[in-house]
Amino acid sequence: AQSVTQLGSHVSVSEGALVLLRCNYSSSVPPYLFWYVQYPNQGLQLLLKYTTGATLVKGINGFEAEFKKSETSFHLTKPSAHMSDAAEYFCAVSEYGGSQGNLIFGKGTKLSVKP
Amino acid sequence: NAGVMQNPRHLVRRRGQEARLRCSPVKGHSHVYWYRQLPEEGLKFMVYLQKENIIDESGMPKERFSAEFPKEGPSILRIQQVVRGDSAAYFCASSPQAGNEQFFGPGTRLTVL
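For the record, the sequence lines run as chains D and S. Numbering follows our numbering, in which position 22 of the first sequence is assigned residue number 22; successive positions increment by one, without gaps. Numbering follows our numbering, in which position 70 of the second sequence is assigned residue number 185; successive positions increment by one, without gaps.
For reference, chain S alone in the conformation it holds in the complex (with noise of 0.2 Å):
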C-alpha cells in the first residue's frame, strides 16, 4: 500500500499524559499536513511541514501541541499533558509539491479519559 499512513489509528491516553501521533507520507512526497476533525466539524488545518522545517503553523494552539517532519522517518505530532479536549480525529496529508492534491491518511482517533 503506498498511500498515506498513519499510526496509531486508535489512541486511548488519560489527562495529562503525552499523545504522540506518527505519519509515514506517500513515498516521494515531502509536504506534510496535519488537520484535527472535532465532532460533528469538518476539518481544521493545524499545521504544514516539509523536510525538516515547519511552513505554517498558525492552525496550531501555541501550548502543548508541537510537529517535526525529520530527514529520515515519519512526521509526528505530540501532544503534552493532553485534556479531554483534545480528543478528536487526527488526519495526516501528503502531498508532492505544494498546491497538488493532498492524500490523506485513515486518521488516528485520539480519546482522552
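Isolated chain D, as found in the complex (with noise of 0.2 Å):
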C-alpha cells in the first residue's frame, strides 16, 4: 500500500530564505506523485506533479520539486520565500500508482514565514 510521511508538522523561514520541505513515500508500483497546498479556510491547489520522464519539477509561485527514486522522495523548494506563502503544504501520492484512483495525503506541513 503506498503512503506518505511529510517530515516536520511545522516549517518557519525568514522572507527570503530557502524554503525546504520534505516528503518520502512508500510505493509499490512507480508512483505519480503531487504537492498540494492549502490557505486557511480554502480548498487544495495543486502546486506542481510529478509523472514520468523528467525528475525535476517546475509548478507555480517559484516552487519545485525533485523526484529521487533511491531514496523515495519528493522535497519541495523555493530558493526565496514570500509572506504569501504561509499555507499549509500537503504531499501527496496517487494510491494505485499510474493514473488511477485517489490520492493518499501525508498529513501536512504548515509554512510560516517571517518577515
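Hints in this document: simulated from the structure, not taken from any laboratory. Some hints could be false.
What the hints assert, rightly or not - Residues from chain S shown here face chain D by an in silico Cβ test under 7 Å; the list is partial: (1) P123; (2) G157; (3) F180; (4) E183; (5) G220.
What the hints assert, rightly or not - The calculated label-pair distances, taken between Cβ atoms and stated as ranges, are: (6) D:T51 x S:R137: 25 to 33 Å; (7) S:K186 x D:K110: 35 to 43 Å; (8) D:M83 x S:K186: 29 to 37 Å; (9) S:K159 x D:P115: 30 to 38 Å; (10) S:E178 x D:P115: 46 to 54 Å.
What the hints assert, rightly or not - Here are the simulated lysine-lysine pairs, DSSO-like style, with alpha carbons at most 30 Å apart: (11) D:K69 x S:K142; (12) D:K107 x S:K177; (13) D:K49 x S:K166; (14) D:K107 x S:K159; (15) S:K159 x D:K110.
All values derive from a computational prediction rather than experimental measurement. We put the CB at the ideal spot given by N, CA and C, even for glycine.
Make one complex out of these two single chains by using the hints.
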C-alpha cells in the first residue's frame, strides 16, 4: 500500500530564505506524486506533479520538486520565501500508482514566513 | 466560476441529526472523489464515484455514511445520525478522467454539537 510521510508539521523561515519541505513516500508501483497548497479555510490547489519523465518538476509560484527514486523522496523547494507562501502544504501519492484513482495524503506541513 | 462548488460551506448539526453535503464538479467532469480532513490531519480518501456508479468506497465508514452521484445534479455525501467524531472538513474533488488532475472544492466544515 502507498503511504506518504511529511517530516516536520511546522516549518518557519524568514522572508527571502530557502523553503524546503520534505516528503517521503512508499509505493509498490511507479508513483505519481503531487504537492498541494491549502490556504486557511480554502480547498487544495495543485502546486506541481510528477508523473513520468524529467525528475525535476517546476510548479506554480516559483516552487519546484525533485523526484528521487533511490531516496523515495519528493521534497518541495523554493529559493526565496515570500510572505504569501504562508500556508499548509500537502504531499500526495496516487493510491494505485500510475494514473488511477484516489490520492493518499501526508499529514501536511504548515509553513510560516517571518518578515 | 467554473470550479468545483460545495455547499453548504459550514454546517452545524446536533448529534443524531442527518448531514447532507453537496458537490457540483467542474462542468464536464464525470469523476468525483470525497475526502475528509480531521483537525491536524491530512486528507483521507472516502469514496470515488462516476456518474451513477460507486467505483471505490474503501475509505467510507460502513455505517451511517453514503454517497451518490446521480445522472443529473450534484454528488451528495450523506451522514446519518451524526456523532461528534464526524466533525471535520469534507472536500470534494473532480476530474475529467481517472488519473487526471483532481480539482478540489473549498470544502464543507461540519460541526456536530
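Cross-check of the supplied hints:
{"no.": "1", "hint": "P123", "verdict": "violated, 13 Å"}
{"no.": "2", "hint": "G157", "verdict": "holds, 4 Å"}
{"no.": "3", "hint": "F180", "verdict": "violated, 16 Å"}
{"no.": "4", "hint": "E183", "verdict": "violated, 17 Å"}
{"no.": "5", "hint": "G220", "verdict": "holds, 5 Å"}
{"no.": "6", "hint": "D:T51 x S:R137: 25 to 33 Å", "verdict": "holds, 31 Å"}
{"no.": "7", "hint": "S:K186 x D:K110: 35 to 43 Å", "verdict": "holds, 41 Å"}
{"no.": "8", "hint": "D:M83 x S:K186: 29 to 37 Å", "verdict": "violated, 46 Å"}
{"no.": "9", "hint": "S:K159 x D:P115: 30 to 38 Å", "verdict": "holds, 35 Å"}
{"no.": "10", "hint": "S:E178 x D:P115: 46 to 54 Å", "verdict": "holds, 49 Å"}
{"no.": "11", "hint": "D:K69 x S:K142", "verdict": "violated, 36 Å"}
{"no.": "12", "hint": "D:K107 x S:K177", "verdict": "holds, 24 Å"}
{"no.": "13", "hint": "D:K49 x S:K166", "verdict": "holds, 26 Å"}
{"no.": "14", "hint": "D:K107 x S:K159", "verdict": "holds, 10 Å"}
{"no.": "15", "hint": "S:K159 x D:K110", "verdict": "holds, 18 Å"}
Of the numbered hints given earlier, the model fails hints 1, 3, 4, 8, 11; all others are met.
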